[in-house]
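Student: Generate coordinates for the entire structure from the input sequences, incorporating the hints supplied.
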Amino acid sequence: MPIVVRIDVQLAKRKMSVGEFAERVGITPANVAVLKNGRAKAVRFSTLEAMCRVLDCQPGDLLEWVSDSDSEVADQAGTLSP
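In terms of the working numbering, the sequence shown has 4 at position 4, counting the first letter as 1, and numbering is strictly consecutive.
These aren't lab readings, by the way, just hints derived from the structure by calculation.
Here the structure is a predicted model, which is why all the values come from computation and not from measurement.
The C-beta atom is built at its ideal place from N, Cα and C for all residues, glycine as well.
Worth double-checking, as some hints may not be accurate.
Simulated DEER-style distance windows between Cβ atoms [as the list claims (entries may be wrong)]: (1) D61 x N31: 15 to 25 Å; (2) D68 x K15: 27 to 37 Å; (3) S69 x E23: 31 to 41 Å; (4) L63 x T28: 16 to 26 Å; (5) S69 x G19: 29 to 39 Å; (6) S69 x K41: 21 to 31 Å; (7) D61 x R39: 17 to 27 Å; (8) G26 x L63: 13 to 23 Å; (9) S17 x D61: 11 to 21 Å.
Tutor: In structure tokens form, the structure reads like this:
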């Protein structure tokens, strides 16, 4: 997938659990998992805003575009999560 979600990196930096993050953002832990695993098809701006507020970061800290060719090479090397 060309858009990679880096929520786990930001959570680790802040030593915040998925449960605490989900509660503070106002989404379910299951929806956090969908985002983290790259299965989300869309994110509302209001949700993205809440995630950035809770994590005190910019949208670019949470979302990264990776070209299809880079994504395929990284997947084959095992460096990107699914």
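Student: Now, for every hint given, state plainly whether the structure supports it.
Tutor: Going through the hints against the structure:
The hinted range of 15 to 25 Å is satisfied by D61 and N31, whose Cβ atoms lie roughly 19 Å apart. The beta-carbon spacing between D68 and K15, approximately 34 Å, falls within the hinted interval of 27 to 37 Å. Range check, S69 to E23: Cβ separation about 38 Å, and the 31 to 41 Å hint holds. Judged by the Cβ atoms, the range 16 to 26 Å given for L63 and T28 holds: they are separated by roughly 20 Å.
A hinted range of 29 to 39 Å holds for the C-beta pair S69 and G19, which are about 37 Å apart. A hinted range of 21 to 31 Å holds for the C-beta pair S69 and K41, which are about 22 Å apart. The given range of 17 to 27 Å is respected by D61 and R39, whose C-beta atoms sit roughly 20 Å from each other. With their beta carbons about 19 Å apart, G26 and L63 fall inside the hinted range of 13 to 23 Å.
The hinted range of 11 to 21 Å is satisfied by S17 and D61, whose Cβ atoms lie roughly 18 Å apart.
In summary, this structure violates none of the numbered hints.
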